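Student: My request is simple: use the sequences and hints to build the entire structure.
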Amino acid sequence: MSGPAPKNPDYATRVQASFARQGLMTTLGASLIRVSPGQVEISLPTSAAVSQQHGFVHAGALASIADSAAGYAALTLMPPDAGVLTTEFKINLLAPGIGERIVARGKVVKAGRTLTLAQTDVFAIHEGQEKHIALLTATLMTVQGRGGVSD
Numbered sequence: 001m002s003g004p005a006p007k008n009p010d011y012a013t014r015v016q017a018s019f020a021r022q023g024l025m026t027t028l029g030a031s032l033i034r035v036s037p038g039q040v041e042i043s044l045p046t047s048a049a050v051s052q053q054h055g056f057v058h059a060g061a062l063a064s065i066a067d068s069a070a071g072y073a074a075l076t077l078m079p080p081d082a083g084v085l086t087t088e089f090k091i092n093l094l095a096p097g098i099g100e101r102i103v104a105r106g107k108v109v110k111a112g113r114t115l116t117l118a119q120t121d122v123f124a125i126h127e128g129q130e131k132h133i134a135l136l137t138a139t140l141m142t143v144q145g146r147g148g149v150s151d
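Its first residue numbered 1, the sequence shown is counted upward by one per residue in full-length UniProt numbering.
These are calculated hints, taken from the structure and not from any lab test. Quick caveat: nothing in here was measured; it's all calculated off a predicted structure. Heads up, the beta-carbon is just placed ideally off N, CA and C, and yes, glycines get one too. Careful, some of the hints might be misleading.
To be verified - Calculated pairs, DSBU-like style, for lysine-lysine (alpha carbon to alpha carbon, straight line, at most 30 Å): (1) Lys107 / Lys131; (2) Lys90 / Lys110; (3) Lys7 / Lys107; (4) Lys131 / Lys110; (5) Lys7 / Lys90; (6) Lys131 / Lys90; (7) Lys110 / Lys7; (8) Lys107 / Lys90.
Stated by the list, open to error - Distance ranges between label pairs, derived from CB positions: (9) Gly128 / Asp81: 39 to 47 Å; (10) Thr87 / Asp10: 19 to 27 Å; (11) Gly23 / Thr137: 19 to 27 Å; (12) Val149 / Gln53: 31 to 39 Å; (13) His126 / Ser31: 15 to 23 Å; (14) Gly148 / Gly128: 36 to 44 Å; (15) Thr86 / Gly128: 30 to 38 Å; (16) Glu130 / Pro80: 31 to 39 Å; (17) Arg113 / Ala59: 41 to 49 Å; (18) Lys7 / Glu130: 28 to 36 Å; (19) Arg113 / Leu24: 23 to 31 Å; (20) Ser31 / Glu88: 31 to 39 Å; (21) Asn92 / Pro45: 38 to 46 Å; (22) Glu127 / Val149: 24 to 32 Å.
Tutor: Laid out in structure tokens, this is it:
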């Protein structure tokens, strides 16, 4: 069973270029690991810079990479002249972010003409084992004809 077909044959290059311009992802130290139609994976190394007072990865850092993974998963299926903006998201924190790195795997659940529903599963990688630590659901809007929002 194959996933949805991208409307832009250069979707991967577009997502990579857009991700590289995100100041927050650079500040956090996040990197883009995988881009395929309707799916994006982002990795975040754990460090004191992204921790909260108990040493766990801060929920704000988890939400940021999860939101970006969902948004970029949606962008892979949008036309070349469209941009993406998150209109709403909810995150459930299932367990503390403990490990060497955090991985956010975003995927499109349903891509519509204007609204896309996406989900991101977030995992902590510790000593080679994955633990599901968060689940984000997001509604994303396709934006066309608006200056500055074409990526």
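Student: Now, for every hint given, state plainly whether the structure supports it.
Tutor: Each hint, compared with the structure:
Distance hint between Lys107 and Lys131 is fulfilled; the C-alpha atoms sit about 18 Å from each other, no more than 30 Å. Between the alpha carbons of Lys90 and Lys110 the distance comes to roughly 16 Å, so the proposed pair stays at or under 30 Å and holds. Pair hint Lys7 plus Lys107 holds up; C-alpha atoms about 16 Å apart against a cutoff of 30 Å. A hinted pair counts as satisfied when its Cα atoms are at most 30 Å apart, and Lys131 with Lys110 qualifies at roughly 26 Å.
Pair hint Lys7 plus Lys90 holds up; C-alpha atoms about 27 Å apart against a cutoff of 30 Å. Taking the CA atoms of Lys131 and Lys90, the gap is near 20 Å; set against the 30 Å cutoff, the hint holds. The hinted pair formed by Lys110 and Lys7 meets the criterion: a straight-line CA distance of about 15 Å does not exceed 30 Å. Our distance criterion of 30 Å between C-alpha atoms is met by Lys107 and Lys90, whose separation comes to about 15 Å.
The hinted window of 39 to 47 Å between Gly128 and Asp81 holds, with their beta carbons roughly 43 Å apart. The hint said 19 to 27 Å for the Cβ distance between Thr87 and Asp10, and at roughly 25 Å that hint holds. Separation of Gly23 from Thr137 is about 25 Å and conforms to the stated range, judged on CB atoms against 19 to 27 Å. Remark: the range hint 31 to 39 Å for Val149 to Gln53 is upheld by a beta-carbon distance near 36 Å.
A C-beta distance of roughly 19 Å is found between His126 and Ser31, which places it inside the suggested range of 15 to 23 Å. Gly148 and Gly128 have their C-beta atoms about 42 Å apart, which keeps the hinted 36 to 44 Å range intact. The supplied range of 30 to 38 Å is met by Thr86 and Gly128, whose beta-carbon atoms lie about 32 Å from each other. Take Glu130 and Pro80: their Cβ atoms lie about 34 Å apart, and the range 31 to 39 Å holds.
Taking 41 to 49 Å as the suggested C-beta distance range, the pair Arg113 and Ala59 does not conform, at roughly 33 Å. Look at Lys7 against Glu130: about 32 Å separates their beta carbons, and that is inside 28 to 36 Å. Checked against the hint of 23 to 31 Å, the C-beta distance between Arg113 and Leu24 comes to roughly 28 Å, which is consistent with it. Checked against the hint of 31 to 39 Å, the pair Ser31 and Glu88 fails, with Cβ atoms roughly 26 Å apart.
Between Asn92 and Pro45, the C-beta spacing of about 23 Å breaks the proposed range 38 to 46 Å. Range check, Glu127 to Val149: Cβ separation about 41 Å, and the 24 to 32 Å hint is violated.
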